[in-house]
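*Asks:* For this one, chain F is given, so just place chain C on it according to the hints.
There are 2 protein chains.
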Amino acid sequence: MIDRLRRLREAAAAIGADAAIVTHPANRHYFSGFPANDHAPDESSGILVVAEDTAVLFTGQTNLPWAENAVRPPVTAREWNRPWSEFLGQELQSLGVRCAAFEDRALSVSDHAGIQREAGEIRLVPAGNAFHALRAVKSKQEVATIAEAAQITDAALEAATLNLSPGITEKALAWRIEAAMHDLGADGPGFPVIVAAGPHGARPHHDPSDRAIEEGEPVVIDMGAIVGGYTADLTRTICLGQPPPEFIDRYNTVLSAQRRALTEIRAAMSGREADAVAREELSAAGYGDRFVHGLGHGVGLNIHEFPSLGKDSDDVLEPGHVVTIEPGVYLEGWGGIRIEDLCVVTPTGLDVLSAAPK
Amino acid sequence: MIDRLRRLREAAAAIGADAAIVTHPANRHYFSGFPANDHAPDESSGILVVAEDTAVLFTGQTNLPWAENAVRPPVTAREWNRPWSEFLGQELQSLGVRCAAFEDRALSVSDHAGIQREAGEIRLVPAGNAFHALRAVKSKQEVATIAEAAQITDAALEAATLNLSPGITEKALAWRIEAAMHDLGADGPGFPVIVAAGPHGARPHHDPSDRAIEEGEPVVIDMGAIVGGYTADLTRTICLGQPPPEFIDRYNTVLSAQRRALTEIRAAMSGREADAVAREELSAAGYGDRFVHGLGHGVGLNIHEFPSLGKDSDDVLEPGHVVTIEPGVYLEGWGGIRIEDLCVVTPTGLDVLSAAPK
Chain F
0 MIDRLRRLRE AAAAIGADAA IVTHPANRHY FSGFPANDHA PDESSGILVV AEDTAVLFTG
60 QTNLPWAENA VRPPVTAREW NRPWSEFLGQ ELQSLGVRCA AFEDRALSVS DHAGIQREAG
120 EIRLVPAGNA FHALRAVKSK QEVATIAEAA QITDAALEAA TLNLSPGITE KALAWRIEAA
180 MHDLGADGPG FPVIVAAGPH GARPHHDPSD RAIEEGEPVV IDMGAIVGGY TADLTRTICL
240 GQPPPEFIDR YNTVLSAQRR ALTEIRAAMS GREADAVARE ELSAAGYGDR FVHGLGHGVG
300 LNIHEFPSLG KDSDDVLEPG HVVTIEPGVY LEGWGGIRIE DLCVVTPTGL DVLSAAPK
Chain C
0 MIDRLRRLRE AAAAIGADAA IVTHPANRHY FSGFPANDHA PDESSGILVV AEDTAVLFTG
60 QTNLPWAENA VRPPVTAREW NRPWSEFLGQ ELQSLGVRCA AFEDRALSVS DHAGIQREAG
120 EIRLVPAGNA FHALRAVKSK QEVATIAEAA QITDAALEAA TLNLSPGITE KALAWRIEAA
180 MHDLGADGPG FPVIVAAGPH GARPHHDPSD RAIEEGEPVV IDMGAIVGGY TADLTRTICL
240 GQPPPEFIDR YNTVLSAQRR ALTEIRAAMS GREADAVARE ELSAAGYGDR FVHGLGHGVG
300 LNIHEFPSLG KDSDDVLEPG HVVTIEPGVY LEGWGGIRIE DLCVVTPTGL DVLSAAPK
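From first to last, the protein sequence lines stand for chains F and C. Note that the first sequence ends on residue 357 in numbering that gives the first Met the number 0; no numbers are left out. Note that the second sequence ends on residue 357 in numbering that gives the first Met the number 0; no numbers are left out.
Just so you know, these hints were derived from the structure itself, not from any lab. Even glycine gets a Cβ: it sits at the ideal position worked out from N, Cα and C. Accuracy of the hints is not assured; some may be wrong.
Distance ranges between label pairs, derived from CB positions [claimed, not checked]:
(1) 254(F) x 36(C): 23 to 33 Å
(2) 0(C) x 132(F): 34 to 44 Å
(3) 346(F) x 15(C): 53 to 63 Å
(4) 346(F) x 215(C): 51 to 61 Å
(5) 143(C) x 266(F): 53 to 63 Å
This is chain F alone, in the form it adopts within the complex:
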């Protein structure tokens, strides 16, 4: 935690601030150890304030005993008074802060106004993505945790799809997957499991329904177990019974694009360049306009985080980034094919953490 706080202070100093106000739940977790999520955008579970000599997680009375137990030294937990925004402004004053960097992407207009109201002459400067960026390169221990989450995810897919018969509903299969992740030791699903059968697969994001899965149709399964706050992310597209020729064709097209991406992508490429590797192959096969999302995204304490691998992304891949590689094609009325693996970026390529068969 000491090293993380040092890097946070440096990032704040780089934009002229002598304190950092951390409001994003994943950043709060990373820099304090307190794992709580926020109930809603207007219901924060706590705010971390890091100044030159202090690092305090402020939270409500209800969460305080939990926070006291969870924060890692030298962070301490203290109770706030409501409204916490004004309380925070006063705290910044008592700490003698001159300029505080805040997360403008994760602080509401109302809370910002509350802090400023009580912060007097203290300047508040937006940090943009500066605090997020500090979480992008994962430590060995973080990679080990993510690898464990990926292993549980692989095993849960295998367990849940063993002896699967047509007629099971999307919802029932999603639940089997969730229960298998739990039984294998996950702390929970990192995001709602997607099971999208037949035409539903044309929606990259989809709420599992009561639709019964039919023989021969594509079934997109997107899932990830959480371990120690870190989420895995895995997609497989399966087919019950004998796959029809168009399934096999499309599947092999996506698989080939994914394999090429797994082989060619490496550190120092931009998100745009990485995306292009798979996009060119899908375009050549006539599916360019059916690959409706980016190739992948960073994964960590958030399921979607820096860097982005997409056609408009200038993010640059670095060794230690953990990213998904997930090309897909989506055909209205027919369904979708998506194949996704979780990978660690290395100087020379990608280490693939996912091992579920394709």
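*Replies:* The following block gives chain C in isolation, referenced to the frame of chain F:
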């Protein structure tokens, strides 16, 4: 949906706006039908814009097919371009909006700046809680859905605690509860199930751990099933084996305070007055400073929403509000007792939706 949009337009007009920008996930759900949650404060699943003649849910390409399927007429779904904040500013211009009300408690400083950058002369005015307030009084259909969620929650507690023996861990019991809610037809848990045994019960909020539950200690169980987006909320405190005298004493003290609250609270009381009913009784028993949270909160598409029943709350109870009544006492080193029911406010009292035995 037409009636909801009419009330939304009226609320915007009341603060001088001819359009509303809806960014809070629960409000977006309520006013559009699109049930997606946001992945993180800086990762919105969609923004609803309601102007004089239009109601459009803007979202990314990945979510668009889902959103198109989920929105209820007259709301339509359309794709945004990124960054969506600037795109939205341009849209407000094309719609001829003069003044747009936005949710200052659920719009980030950065997104607000993006909208303003492209919105030219259009004024953006903060709506505060005005849009939330429109969800506070529940329709008959909403109450019926919440009652169903409450029934499933009651039944899940009964199923999960049947034949419970000491030695089961908090985590294992939490999972039994989650699985029972699923088996009984819930769409999921509305919030992470709390099982806090022995000293852990001194924390009102707690992550279930590997601690094995011992005979004779208090076990606080806080849980709620989701049905159709609406969450139930139920807490019971149980004891495996023969409860020791101090458990019985404390339990009866909390139960008596809760019964009094259930009997005396009615519409037209303030949140402060409602809270005082139970607080006075707990104080008289010497536990005033151990009742460390408010008496209750509104429940609906959010687990915590308007109105608040607490010692600083000026919210006024109205018929059709759905609220929790949950007094509790927390003793460091020993544990906690909390008893919570879900209730509908009526002109003359409270209709209790929870039926789990106490």
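*Asks:* All hints, please: hold or fail.
*Replies:* So, going through the hints one by one against the coordinates:
no. : hint                        : result
1   : 254(F) x 36(C): 23 to 33 Å  : holds (31 Å)
2   : 0(C) x 132(F): 34 to 44 Å   : holds (41 Å)
3   : 346(F) x 15(C): 53 to 63 Å  : holds (58 Å)
4   : 346(F) x 215(C): 51 to 61 Å : holds (59 Å)
5   : 143(C) x 266(F): 53 to 63 Å : holds (56 Å)
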